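With the hints as your guide, set chain S onto chain A.
Protein chains: 2
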Amino acid sequence: MGSGLLGTSIGLGLRARELDVVLSDPSPSALGVAVDIGAGRPLIPGDHLIPELVVVAAPPDVTAAVVAQALADYPDAVVVDIASVKGAILTELQHTGLDLSRYVGTHPMAGRERSGPVAARGELFTSMPWVLCPAESSSPSAVKTAHSLAIDLNAVVFRFTPEEHDAAVALVSHVPQVMASLVAARLQDAPQHALSLAGNGLRDVTRIAASDPALWVQILGANADKIVGILHGVREDLDRLIGTLTAPTARGARLDMAQLISEGNAGQARIPGKHGGPAQAYAWLTVLVDDKPGQIARVLTEIGEIGVNLEDMRLDHSAGREVGMLEISVLPNKAAGLVEELSLRGWKVLM
Amino acid sequence: MGSGLLGTSIGLGLRARELDVVLSDPSPSALGVAVDIGAGRPLIPGDHLIPELVVVAAPPDVTAAVVAQALADYPDAVVVDIASVKGAILTELQHTGLDLSRYVGTHPMAGRERSGPVAARGELFTSMPWVLCPAESSSPSAVKTAHSLAIDLNAVVFRFTPEEHDAAVALVSHVPQVMASLVAARLQDAPQHALSLAGNGLRDVTRIAASDPALWVQILGANADKIVGILHGVREDLDRLIGTLTAPTARGARLDMAQLISEGNAGQARIPGKHGGPAQAYAWLTVLVDDKPGQIARVLTEIGEIGVNLEDMRLDHSAGREVGMLEISVLPNKAAGLVEELSLRGWKVLM
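Residue numbers (numbering that gives the first Met the number 0), protein chains in the order written: chain A, 0 to 350; chain S, 0 to 350.
Next up, chain A with everything else stripped away, as it sits in the complex:
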């Protein structure tokens, strides 16, 4: 129920496993696109369906109402929602007085910069976290069905309480979104010449500021108390910094500034690596490449021949020039050998 980016992606992923998928959406055009790209067959009013599982992929605001309707319409089905907030939806459902044993709240942590069924892909959830947040009322068999859904879509399953989930996403997703938007908002009236100095630092910090306002209004509203709790801490740090920078030569000012940056170092170091390994467990190398078709491929082909796997890579170039830096990260014990091998093959490479 709901054929936006996530609902359509779930349909595509389940169709790839040859399961029967029936789709509905209040927007006929969204439904039409989802059906056309093979995410399932459309729900025909009057059809008597007995689904095993109903996935509610509606906007957060209406999710509880759609879940309640699905529990009533399909009395044998497990009903799962995938909204990015969990506590508010569960509370709203509990107020209906319905039996919630067949309901399991979940949150697949996947998305794209673009939205809508056109952007959908069956592999959207592959290797991404999918958090199951069963309530005390959820039956073990309903939880098992929700678990199977995530596994069928190749996600990595986590299990949190709704409370733990909302606190966690406030910290790792909602507050970063707010802060990225706050930084980007300052750029609205900036002179063009200032923006011409923008580098990867600014691009990284503001990338998620391109997010959809309509969706984020719902997320921020539904998880407001968890977000506010963290933002109070941010404001306290910000107030102290503004005070410090207003008298930057005062006694203790330098210590205050160093402390903010050091605390940022400490927090950043706790973020797990992309493969789930410990943070910063990889070595970064830089290879100078011509900015022409095939050059990056040549480097990576040779890295493949040398037999080293990439953890991550970034391309760094700017302002109409013809040379770029390919930054790659590898296991630390592979780094020195790789530099040597690539240098022998004529690449300019530095650790």
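Hints are computed from structural coordinates only; laboratory data are not their basis. Fair warning: there could be bad hints in the mix.
[To be verified] As a list, the in silico EDC-like pairs of lysine to aspartate or glutamate whose alpha-carbon atoms are at most 16 Å apart:
hint : chain 1 : residue 1 : chain 2 : residue 2
1    : A       : LYS291    : S       : ASP311
2    : A       : LYS291    : S       : GLU301
3    : A       : LYS333    : A       : ASP311
4    : S       : LYS291    : A       : GLU304
5    : A       : LYS333    : A       : GLU310
6    : A       : LYS347    : S       : GLU122
7    : S       : LYS143    : S       : ASP75
8    : A       : LYS291    : S       : GLU310
9    : A       : LYS333    : A       : GLU304
10   : A       : LYS347    : A       : GLU301
11   : A       : LYS143    : A       : GLU51
12   : A       : LYS291    : S       : GLU304
13   : A       : LYS291    : A       : GLU304
14   : S       : LYS347    : S       : GLU326
15   : S       : LYS291    : A       : GLU51
16   : S       : LYS291    : A       : GLU301
17   : S       : LYS347    : S       : ASP311
18   : S       : LYS333    : S       : ASP289
19   : S       : LYS333    : S       : GLU310
20   : S       : LYS347    : A       : GLU310
21   : A       : LYS347    : A       : ASP311
22   : A       : LYS333    : A       : ASP289
23   : S       : LYS291    : A       : GLU310
[As the list claims (entries may be wrong)] Partner residues aside, some chain S positions facing chain A, computed with beta carbon under 8 Å:
hint : residue
24   : GLU122
25   : VAL168
26   : SER195
27   : GLY251
28   : LEU259
29   : GLY263
30   : ILE302
Because the structure is a prediction, the values reported are computed rather than measured. The beta carbon of each residue, even a glycine, is placed where N, CA and C say it ideally should be.
The following block gives chain S in isolation, referenced to the frame of chain A:
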């Protein structure tokens, strides 16, 4: 003068053009490394040098003093500094009463996550902005020499007043650094299970929070008034958001939240593309790749064969799984054809 990351990189770049480079540093070990990797020959006390150009690559705090000494010691040389703040250094120099016609403040916008001469590379400035900030006192021939330095190192030259420069870097570099540190600082005491949900959004926002506290104390202190001006705006927006989220169902609350996110959209859209072109002028595609040596190279080789050049790319995978998403951006008029060609070759690819 100064053989850290930037000074040593300048030495390496100039040596590659076969210019005679003489290096000095208060740290004998930093100087030793810089000499060993070929960035120049060491300054021997008592040598009578008549350099054409002195580049002061000292920490911001001591830059003005080192520039003043260099102007006195080398009465025929142009003296350039490369510190990332310009107004405070110029003011300090003006207070010395020295003739500043031979001095030009500059700021190469290049750096790495790591510091010190070991991380140096002659290509560090290639295609990166290098801002010349001459004072009214700077002679045209001194400005020309500073310009030649940037061009010799393959940088892209900009010319700002010191005031314009400091306002611009406060906005595109210093405030983003502060905000990244503020977000990352909240992670210090987070439960480990919350961090296990970290995705690319959090990684992007906090990447620069890994920066060196010792350097940033100097930068924040020297550009404090420009930074504080912007942070007052951030605090105003943050206060309004905290008020809104404290009563998220109040009249007007949703509009307030939508406005913050929309203003972030508008600001983010103004950031120029990596090649200096208009923002968002590139189309993003996603290719599903096995997380094995050679797979990414294979895709990129085939993209090269198809004759399409990459603007940017990102690798997206997580949590110990064997499949990743390679996100690539290309000119929009190349996107549809590339999707078709790659699909014909058996790749799973989506726009």
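Here's how the hints hold up against the structure:
Pair hint LYS291 of chain A plus ASP311 of chain S holds up; C-alpha atoms about 12 Å apart against a cutoff of 16 Å. Restraint check: the Cα-Cα separation between LYS291 of chain A and GLU301 of chain S comes to about 13 Å, which is no more than 16 Å; the hinted pair holds. For the hint linking LYS333 of chain A to ASP311 of chain A, the alpha-carbon distance of about 14 Å falls within 16 Å, and the restraint holds. In summary, the hint linking LYS291 of chain S to GLU304 of chain A is supported, as the alpha carbons are separated by about 11 Å, within the 16 Å threshold.
Restraint check for LYS333 of chain A and GLU310 of chain A: the C-alpha separation of about 11 Å stays at or below 16 Å, so the hint holds. With a CA separation close to 9 Å, the supplied pair LYS347 of chain A and GLU122 of chain S stays within the 16 Å bound. Straight-line distance between C-alpha atoms of LYS143 of chain S and ASP75 of chain S comes to about 15 Å, which keeps the hinted pair within the 16 Å bound. At roughly 10 Å between alpha-carbon atoms, LYS291 of chain A and GLU310 of chain S fall within 16 Å of each other, so this suggested pair holds.
With a C-alpha separation of about 14 Å, the suggested pair LYS333 of chain A and GLU304 of chain A falls inside the 16 Å cut-off, and the hint holds. Taking the CA atoms of LYS347 of chain A and GLU301 of chain A, the gap is near 13 Å; set against the 16 Å cutoff, the hint holds. Of the pairs offered as hints, the one joining LYS143 of chain A and GLU51 of chain A holds, with about 12 Å between alpha carbons and a cut-off of 16 Å not exceeded. Of the supplied pair hints, the one linking LYS291 of chain A and GLU304 of chain S holds, its CA atoms being roughly 11 Å apart against a limit of 16 Å.
Restraint check for LYS291 of chain A and GLU304 of chain A: not satisfied, since their Cα atoms lie roughly 21 Å apart, outside the 16 Å limit. A C-alpha spacing of about 12 Å is found between LYS347 of chain S and GLU326 of chain S, which places the hinted pair at or below 16 Å, so the restraint holds. A threshold of 16 Å between alpha carbons decides the hint, and for LYS291 of chain S with GLU51 of chain A the separation of about 37 Å lies outside it, so the pair is violated. Taking the CA atoms of LYS291 of chain S and GLU301 of chain A, the gap is about 13 Å. The hint holds against a cut of 16 Å.
With a C-alpha separation of about 19 Å, the suggested pairing of LYS347 of chain S with ASP311 of chain S is violated against the 16 Å cut-off. In summary, the hint linking LYS333 of chain S to ASP289 of chain S is not supported, as the alpha carbons are separated by about 24 Å, beyond the 16 Å threshold. As the CA atoms of LYS333 of chain S and GLU310 of chain S are separated by approximately 11 Å, the hinted pair is consistent with the 16 Å bound. A hinted pair counts as satisfied when its Cα atoms are at most 16 Å apart, and LYS347 of chain S with GLU310 of chain A does not qualify at roughly 21 Å.
Under the criterion of a C-alpha separation no larger than 16 Å, the hint pairing LYS347 of chain A with ASP311 of chain A is inconsistent with the structure, at around 19 Å. A threshold of 16 Å between alpha carbons decides the hint, and for LYS333 of chain A with ASP289 of chain A the separation of about 24 Å lies outside it, so the pair is violated. Proximity of LYS291 of chain S to GLU310 of chain A is assessed by CA-CA distance (about 10 Å); at most 16 Å being required, the pair is judged to hold. A least Cβ separation of about 5 Å between GLU122 of chain S and chain A falls short of the 8 Å threshold, and the interface hint therefore holds.
Against a cut-off of 8 Å between C-beta atoms, the interface hint on VAL168 of chain S holds, since the closest Cβ of chain A lies about 7 Å away. Hint status for SER195 of chain S relative to chain A: holds, with the closest Cβ pair at about 6 Å, below 8 Å. Among the interface hints, the one on GLY251 of chain S is violated; its C-beta lies about 12 Å from the nearest C-beta in chain A, farther than the 8 Å criterion. Hint status for LEU259 of chain S relative to chain A: holds, with the closest Cβ pair at about 5 Å, below 8 Å.
Hint on GLY263 of chain S holds. Least Cβ distance to chain A is approximately 3 Å, under the 8 Å limit. Checking ILE302 of chain S against chain A: minimum C-beta separation of about 7 Å stays under 8 Å; hint holds.
Against the hints set out earlier in the document, violations occur for numbers 13, 15, 17, 18, 20, 21, 22, 27.
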